[in-house]
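Asker: Using the sequences provided together with the hints, build the complete structure.
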Amino acid sequence: MRQTYSTQLAWVTGIPVLFIAVAFALIQSPEVLESPGIIAVTVGQVVPHPIEEHEHCSSCHSLKGIKPYPLNHLGWNDESCTKCH
Numbered sequence: 065m066r067q068t069y070s071t072q073l074a075w076v077t078g079i080p081v082l083f084i085a086v087a088f089a090l091i092q093s094p095e096v097l098e099s100p101g102i103i104a105v106t107v108g109q110v111v112p113h114p115i116e117e118h119e120h121c122s123s124c125h126s127l128k129g130i131k132p133y134p135l136n137h138l139g140w141n142d143e144s145c146t147k148c149h
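Everything in the sequence shown is counted per our numbering, starting at 65 for the first residue and increasing by one.
Some clues are possibly wrong.
Restraint-style ranges between C-beta atoms, simulated for each label pair [said to hold, decoys possible]: (1) 71 <-> 140: 36 to 42 Å; (2) 83 <-> 127: 23 to 29 Å; (3) 70 <-> 128: 22 to 28 Å; (4) 114 <-> 93: 25 to 31 Å; (5) 147 <-> 69: 43 to 49 Å; (6) 146 <-> 85: 43 to 49 Å; (7) 134 <-> 72: 17 to 23 Å; (8) 131 <-> 75: 43 to 49 Å; (9) 111 <-> 74: 44 to 50 Å.
The set of hints was computed from the structure by calculation and includes no laboratory data.
Glycine is no exception: its CB is placed at the ideal position from the N, C-alpha and C atoms.
Answerer: Structure representation (structure tokens):
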């Protein structure tokens, strides 16, 4: 009885958690749905200003910053900016 309850509880809580995780992943990278085959890695535009003394990208590039980043960049930290840009 207790094992059955534990198994049912795992299914009832696990499925919504999995659904939410997939939903957030698709919000972060909606281009995944556009290509059914191999996903190509795209490189962002070249940064039009010197990076030195501007290491904190989020000070200007946030949702309400001087030049906001797109919504699919939400949740990325400053160190990840220079991996693509």
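Asker: None of the hints should be skipped; say for each whether it holds.
Answerer: Hint by hint, here is what the structure shows:
1. 71 <-> 140: 36 to 42 Å: For residue 140 against residue 71, whose Cβ atoms are near 37 Å apart, the range 36 to 42 Å holds.
2. 83 <-> 127: 23 to 29 Å: holds (25 Å)
3. 70 <-> 128: 22 to 28 Å: violated (45 Å)
4. 114 <-> 93: 25 to 31 Å: 29 Å Cβ-Cβ, so the 25 to 31 Å window holds.
5. 147 <-> 69: 43 to 49 Å: holds (45 Å)
6. 146 <-> 85: 43 to 49 Å: violated (27 Å)
7. 134 <-> 72: 17 to 23 Å: This hint is violated: roughly 41 Å between Cβ atoms.
8. 131 <-> 75: 43 to 49 Å: holds (45 Å)
9. 111 <-> 74: 44 to 50 Å: Cβ of residue 111 to Cβ of residue 74: about 46 Å, so the range 44 to 50 Å holds.
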